Amino acid sequence: MMLIPCPWCGPRDESEFHYGGQAGVAYPADPAALSDAEWARYLFFRDNPKGPFRERWSHSAGCRRWFSLVRDTVTNEVLS
Amino acid sequence: MTQPYRLERGGLVDRDTPLSFRFDGREYQGFRGDTLASALLANGVLRVADSLRLGRPRGVFSAGIEEPNAIVQIEEPFPEPMLTATTVELYGGLVARSLRGHGRLAGDPDPARYDSTHAHCDVLVIGAGPAGLAAAATAASSGARVILLDDQPRPGGSLLGTGEHLDWVDTVAAELAAAPETRVLTRTTAFGYYDDNHVIAVQRRTGHLGALAPAHLSREGVWRIRARQVVLATGAHERSLAFADNDRPGVMLAGAARTYVNRYGVLPGRRAVVLTTNDSAYAAARDLAAAGVEIATIADLRPGVQNGEALPGWAVARVHGEERVSAVTLRSPDGAGREVDADLLLVSGGWNPVGALYSQAGGRLAYDPELGAFRPDGGCRQNLFVAGAAGGSYHLGVCLAEGAAMGGRAADAAGFTARGIVLPEAADPAGTPPAAVWTLPGGDPAVQFADLQRDVTVADLARATGTGMRSVEHVKRYTTAGTAHDQGRTGGTLTSGVVAELLGVEVGALGTTTFRPPYAPVSFAALAGRDRGMLFDPVRVTALHGRHESHGALFENVGQWKRPWYYPRDGEDMAGAVLRECRAAREGVAMMDASTLGKIDVQGPDAGDFLDRLYTNMISTLKPGAIRYGVMCRPDGMVFDDGTVIRLTDERFLVTTTTGNAAAVLDWMEEWLQTEWPELRVRCTSVTEHWATVALVGPRSRDVLAAVAPGLDVSRAGFGFMTWRDTEVAGLSARVCRISFSGELAYEINVSWWDALTLWEALLAAGAAHGITPYGTETMHVLRAEKGYPIIGQDTDGTVTPHDLGLGWAVSKKKADFIGKRSFTRTDTARPDRKQLVGLLPDDGGLLPEGAHLVTAAPQRVLGHVTSSYRSAALGRTFALALLRGGRDLIGQTVWATLDDGLVPVTVTGSVLYDPEGTRRDG
Ligand SMILES: [Zn+2]
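From first to last, the protein sequence lines stand for chains A and B.
Its first residue numbered 1, the first sequence is counted upward by one per residue in the UniProt record's numbering.
Its first residue numbered 1, the second sequence is counted upward by one per residue in the UniProt record's numbering.
Derived by calculation from the structure, the hints in this document are not laboratory data.
These numbers were taken from a predicted model, which means no experiment stands behind them.
A hint or two may mislead.
[Said to hold, decoys possible] Computed Cβ-Cβ distance ranges for the label pairs, DEER-style:
1) 115(B) with 77(A): 40 to 46 Å
2) 720(B) with 36(A): 41 to 47 Å
3) 899(B) with 63(A): 49 to 55 Å
4) 68(A) with 531(B): 44 to 50 Å
[As the list claims (entries may be wrong)] So the derived list for chain B, only partly shown, Cβ under 10 Å to chain A, looks like this:
5) 194
6) 195
7) 197
8) 200
9) 226
10) 636
11) 637
12) 667
13) 675
14) 819
15) 821
16) 825
17) 826
18) 828
19) 831
20) 832
[Said to hold, decoys possible] Here are some chain B residues the structure puts well away from chain A; computed CB gaps all over 12 Å:
21) 198
22) 322
23) 332
24) 423
25) 554
26) 570
27) 672
28) 673
29) 703
30) 715
31) 732
32) 827
Every residue, glycine too, gets a C-beta built ideally from N, C-alpha and C.
Assemble the whole structure, with the sequences as input and the hints as a guide.
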């Protein structure tokens, strides 16, 4: 079980958190202006790297705040 | 009762406390401090179980957790399968039998308690042998919080088996026990090493007491330990060698025999031949000789060894005796044979550092040719240190010094400064380096065993490499070597060595298999701890639960909630009860506890804007005092939840969700507010348990409400559909909403959770003259299905849009955007042949099973499936809802439901089967 640094509560057990997938995938400013392919890319396409990955977490059983961090998907080390 | 192989004195057993036990139907006696294995050996019982696959007789092979042979079933006091006799502490009244393969689980529930502890420490030391004790004592001297755990009943590790420095062990153990920030856990096995130094261990607290175990103590406890720094002092396991008939009872690891003599005061045999690749077996031979075992000869596989005690370069060619070793044929380097009488063949093929936890921690085990074993490579990313034999240091003085050094470094890394400790003097004699030997020449490979527990032989391994396998992982899966519950502790490295020989490669290049948790078998009961029975998952009940019970309700689980399912009267079955409840709601008046509906208070200047973005329909135009039905979608356009939205004031809304989705909807709101729209001034709070809600349903509901709410204008004009009023009901402050989930005239009355029972009783009393009838979730489902109202999660599955459900009217065309809007014009969501919600009328009047597939007649093509199916009192027949491909175009046509005994014709209808004109809504 990872120890995840919540920016508000400090390091807590992974079981207190909810995973939110890749970070930085913003809701498009004007979805109506996007083609089907562009919209599908927003909906369904996410990176899946072997190595550092910026991802979202929610401290759902704690302060309930969302934040993002960089985790190495090979070693589960939190890099920042 | 005599114990013919027990020494008069010596060892750590308590000869003043004899213990009676039974094994394979016979009565024996041992002493407190024995294991089942040592007690059996003391009674001359060395053969313990037949092997799994080949049924060959097998004997006690080791003295600890690495045991591959001595698998036993405990029968009393409580059945437990697949334990190793070498780790079962003896207690009076123990009844066990030998086990070939699978054991027997108890038929009765386990009466024992199990629990778990979360612990944090600065330094966790795993293993209380010489290195671990030195590490723990040094770390403790710094003031750091230290946990020392060890699988044995007492600290000492290998020293318990060699009998050295036990005074020092006792002194250190006493100091650690007295240290305020230190915790020593004995009978505790670390079995999992996870991310960020999270170590899981199981502590056996009372199992060793047998029937005398106090009931108030948990039998086993799981420790979940988060450690800043870890010192692995897990020691080493001796390994075997592959030679013909190396599995006969009486073939035993040399170190194990030494332990039986020194720790248990037991002779494993009378006359021994020793076969070794290293110096450690000589110490074993000396201790055995001192205890009275005749050492017939020592065959040392190192040709160059010159010590006057051994036959250099000699090997074992044959083992005689089937039930027990009777003689050993030795072979000299030039091929000469010599048969030696013996009842014991002590083997030392070298020592393997116990690297399982290091490997689990993400470290790599590298082959050390000088050591002839795999050991931690020192590059593990976690905050850990390795000390003593676990790192490949086998001399006692080195182990002690390493332990002290690593304990100090661990404390230092955790921010403390260790003082030194006093270590015992231990002279490390200069010796001869070990030889890495795997298979002895000659003999039949079909009886040269690499993995005793899985009966994997050199011949099996040769067959695997013969098929072209080159990876030890493939060989493992093909032969099952290393997959038994001993996880190849004595045979794993030997397997790698034999495979390397067969392939003609270096062992180091071949590598070893991956270690995964658990290091040792752990019972499910221990892992479950207290999370079983009533404590498995929280049970949520409404304020009216006790009243439902006294009504005789049966309950169904909805998420964690217990909801009344139906209220059978005397002699009524479910179908009868539901038909009666439905009739009451359609013809008279009925009521239901709707308190479990999720309720979220949404407040703030931007609340209307926020809800416009989340719901498919327009919310901001709702007037205070009014209510609107709303649908929420995911960005992919699929329905996520539905419910009502009440506008309380300009800046305050009360949103209801489905019972099962309440938490998910709140999470959903917070996610969007925090991550996408932080500029919106909105706050959301769950108020589900603030309000108890009773739905009052049926043509007579207005009369009942008027009776209990005299101050409320309940007239059709005065209290319109989809509006709400704050008023007094039954003398309680209440909020009444005119909404309907049945199509009938209906109200939802909300009062404080505390006042629910008062409200319920008042409605019962006021409705008595009209035959007011409590109803449950089944009736609710029938009533709503008759009206074609979908249940999100039952009639939908995450692939269904509002349009598929016929809810296109609830999707705003005016709003520029809302979550899901863009997806409604995707090619896929705009297809005309999507699955759509329709009604079904089975032609034969039967009840369709929910989930049944719907197909065309011929050729059979799947069109969809039944999502809801009921008997309807109002329709006087059975009906169903279904998701059907192009369903709305099939209305009036026949499709076929696939049942176990063939196809059944059903007629497709619109989804609204009852009162499609909506005439009953206003009473
Ligand atoms: Zn937090």
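Hints, verified against the model:
Restraint check, residue 115(B) to residue 77(A): a C-beta distance of roughly 32 Å breaks the suggested window 40 to 46 Å. Here the CB-CB span from residue 720(B) to residue 36(A) is close to 43 Å, well matched to the stated 41 to 47 Å. Taking the beta carbon of each, residue 899(B) and residue 63(A) are about 52 Å apart, inside 49 to 55 Å as hinted. For residue 68(A) and residue 531(B), the hinted distance range of 44 to 50 Å is not satisfied, since their beta carbons lie about 32 Å from each other.
About 5 Å separates the beta-carbon of residue 194(B) from the nearest beta-carbon of chain A, less than 10 Å, and the hint is met. Look at residue 195(B): its Cβ gets to within about 4 Å of chain A, closer than 10 Å, so that hint holds up. Residue-level restraint check for residue 197(B) holds (minimum Cβ-Cβ distance to chain A is 8 Å; threshold 10 Å). Against a cut-off of 10 Å between C-beta atoms, the interface hint on residue 200(B) holds, since the closest Cβ of chain A lies about 9 Å away.
Residue-level restraint check for residue 226(B) holds (minimum Cβ-Cβ distance to chain A is 7 Å; threshold 10 Å). This hint holds: residue 636(B) has a C-beta 5 Å from the nearest C-beta of chain A, less than the 10 Å allowed. Hint status for residue 637(B): holds, given a least beta-carbon distance of 9 Å to chain A, under 10 Å. Look at residue 667(B): its Cβ gets to within about 7 Å of chain A, closer than 10 Å, so that hint holds up.
Given hint, residue 675(B) at the interface with chain A, holds; its Cβ is 5 Å from that chain's nearest Cβ, closer than 10 Å. A distance limit of 10 Å between C-beta atoms decides the matter here; for residue 819(B) the minimum to chain A is near 8 Å, and the interface restraint holds. Against a cut-off of 10 Å between C-beta atoms, the interface hint on residue 821(B) holds, since the closest Cβ of chain A lies about 7 Å away. Of the supplied interface hints, the one on residue 825(B) holds, with its beta-carbon coming within about 8 Å of a beta-carbon of chain A, less than 10 Å.
The beta carbon of residue 826(B) comes within 5 Å of a beta carbon in chain A, closer than 10 Å, and the hint placing it at the interface holds. Because the closest C-beta pair between residue 828(B) and chain A is about 9 Å apart, less than 10 Å, the hint holds. For residue 831(B), the interface hint is violated, since its Cβ never comes within 10 Å of a Cβ in chain A; the closest pair sits about 13 Å apart. At a threshold of 10 Å, the smallest CB-CB gap from residue 832(B) to chain A is about 17 Å, leaving the interface hint violated.
Residue-level check failed: residue 198(B) sits 5 Å from the nearest beta carbon of chain A, not beyond 12 Å. For residue 322(B), the condition that its CB be more than 12 Å from all CB atoms of chain A holds, with the nearest at approximately 50 Å. In this structure residue 332(B) is separated from chain A by more than 12 Å, as the shortest Cβ-Cβ distance comes to about 52 Å. Remark: the non-interface label on residue 423(B) is consistent with the geometry, its nearest Cβ contact in chain A lying 34 Å away (cut-off 12 Å).
For residue 554(B), the requirement that its beta carbon stay farther than 12 Å from each beta carbon of chain A is met, with the minimum near 33 Å. A cut-off of 12 Å between C-beta atoms confirms that residue 570(B) is not in contact with chain A; the least separation is 46 Å. Once the 12 Å rule is applied to beta carbons, residue 672(B) is inconsistent with being away from chain A; the minimum gap is 8 Å. The Cβ of residue 673(B) sits about 9 Å from the closest Cβ of chain A, inside the 12 Å cut-off, so the non-interface label is violated.
Consistency note on residue 703(B): stated as away from chain A, and its beta-carbon is indeed over 12 Å from all of that chain's, at 45 Å minimum. At roughly 45 Å, the least C-beta separation between residue 715(B) and chain A is larger than 12 Å, which holds for a residue marked as non-interface. Listed as outside the interface, residue 732(B) is consistent with that label: its C-beta sits roughly 33 Å from the nearest C-beta of chain A, beyond the 12 Å cut-off. Distance to chain A contradicts residue 827(B) as a non-interface residue, since its nearest Cβ pair spans about 6 Å, not more than 12 Å.
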